[in-house]
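Q: Each chain, written out:
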Amino acid sequence: MTSLDLAFAACGLVAVAGGLLAVTTRQVVHAALWLVVALLGVAGCVLVLGHELVALVLVLIYIGAIVVLVLFALMLTRAPIGPDRTHAVPAWRRVGAALAGAATAALLLAALVPLAGGFGGAAVARRDTSTQAVATELFGTWVWPFEALSVLLLAALVAALAVSRGRHNQVERVDGAGQPGQPGQAGTVDSRAMPRFAGPPADRDARGEPNPGDAQ
Amino acid sequence: MIHLVGPYVVAALLVGIGVMGVLARRNAVLLLIGVELILSGALLLLVTSGAASPSRWEASSVLPLFVITIAAAEVVVALAVILAVFRHGGSIDLDAPTPGADEADGPGVDG
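Chain order of the listed sequences is A and B.
Heads up: the first sequence begins at 1 in UniProt numbering, then just goes up one per residue.
Heads up: the second sequence begins at 1 in UniProt numbering, then just goes up one per residue.
Derived from the structure by calculation, the hints contain no laboratory data.
Here the structure is a predicted model, which is why all the values come from computation and not from measurement.
One or more hints might be untrue.
Stated by the list, open to error - Derived coverage of chain B by chain A (criterion: at least 3 residues anywhere in the stretch with Cβ under 8 Å from a Cβ of chain A; other residues may be distant):
(1) 1–12
(2) 33–42
(3) 45–55
(4) 59–67
(5) 76–90
Stated by the list, open to error - Partial list, computed: chain B residues near chain A (C-beta under 7 Å):
(6) Val15
(7) Ile17
(8) Gly21
(9) Leu23
(10) Ala24
(11) Arg26
(12) Asn27
(13) Val29
(14) Ala72
(15) Ala96
Glycine residues also receive a C-beta, built at the ideal position from the N, C-alpha and C atoms.
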């Protein structure tokens, strides 16, 4: 065990423990917050392996952006503050998921551990990765994939806006297509194309009552 | 000096935990957490590949950056779809029937 091994073991323990809690906790907001812990552990692992730039970008984008986005989505989908009882899963499903996860991990371990020479393999010298060399390659060799990723981000931005702002079209379609509705099969066809909740968001909770928003 | 078996073990465990999260969750937003864990395991493997031996074109640093970028784009689109489904059907339960199918006998349909 070298000092780098010890540092890596500490970060890896944080990552694995955080990930395990993130997928097993019953409180939805806690799951997102445990994901922060797991990703900080992964960033520490990457730092120990000598790639500082990747570790910094991991913290900035994953924890700074993605986890905040997941928290926003949890709030917008009305996640409960306490334990999530509406999405509770039976015990057999948890056990089955744990077995499938353990099988996947065992398969990967069986494939990867021999690559490192087994658990008693020799230690190798860590290579120093200079950020300057990474920048030179990123804007030299990898410049076209880099530009393509810019286009991908723009496409994701536009797609997210288009998908999440589809309400105006749907409301207009309700006004046009909902009027000549027949009680027969045409009604079922229309009901699939129609948003269930065209009214204000407060109607979503009233699942058992007739929705006043659909009468517009 | 570092033993490379440590990163491999951590990456395999992260992927296994992510698979477990994807299979066990019914909340569509929490399913994404499992996907993020799987991606972080893959990212750790990519970084490990360049930790000891020199990597050509610094691919062990550049490819993880690309993975992070693609993961960000994926999460943005996935959350937009989840929000649209929530607005359409009022639920993000992955076990529920498709959000349009349970409206046929629902109370909110005029007809």
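Q: Evaluate each hint against the coordinates.
A: Hints and how they fare:
1. 1–12: Answer holds; 12 residues pass the 8 Å Cβ test.
2. 33–42: holds (count 5)
3. 45–55: holds (count 8)
4. 59–67: It holds: at least three residues are needed, and the stretch 59–67 of chain B offers 6 whose Cβ sits within less than 8 Å of chain A.
5. 76–90: holds (count 13)
6. Val15: Cβ of Val15 of chain B sits 6 Å from chain A, so the hint holds.
7. Ile17: Interface hint status for Ile17 of chain B: holds (4 Å vs cutoff 7 Å).
8. Gly21: holds, 3 Å
9. Leu23: This interface hint holds because 4 Å falls under the 7 Å limit.
10. Ala24: With a minimum Cβ separation of about 4 Å from chain A (threshold 7 Å), the hint on Ala24 of chain B holds.
11. Arg26: holds, 4 Å
12. Asn27: holds, 4 Å
13. Val29: Given a least distance of 5 Å, the restraint on Val29 of chain B holds.
14. Ala72: holds, 6 Å
15. Ala96: violated, 10 Å
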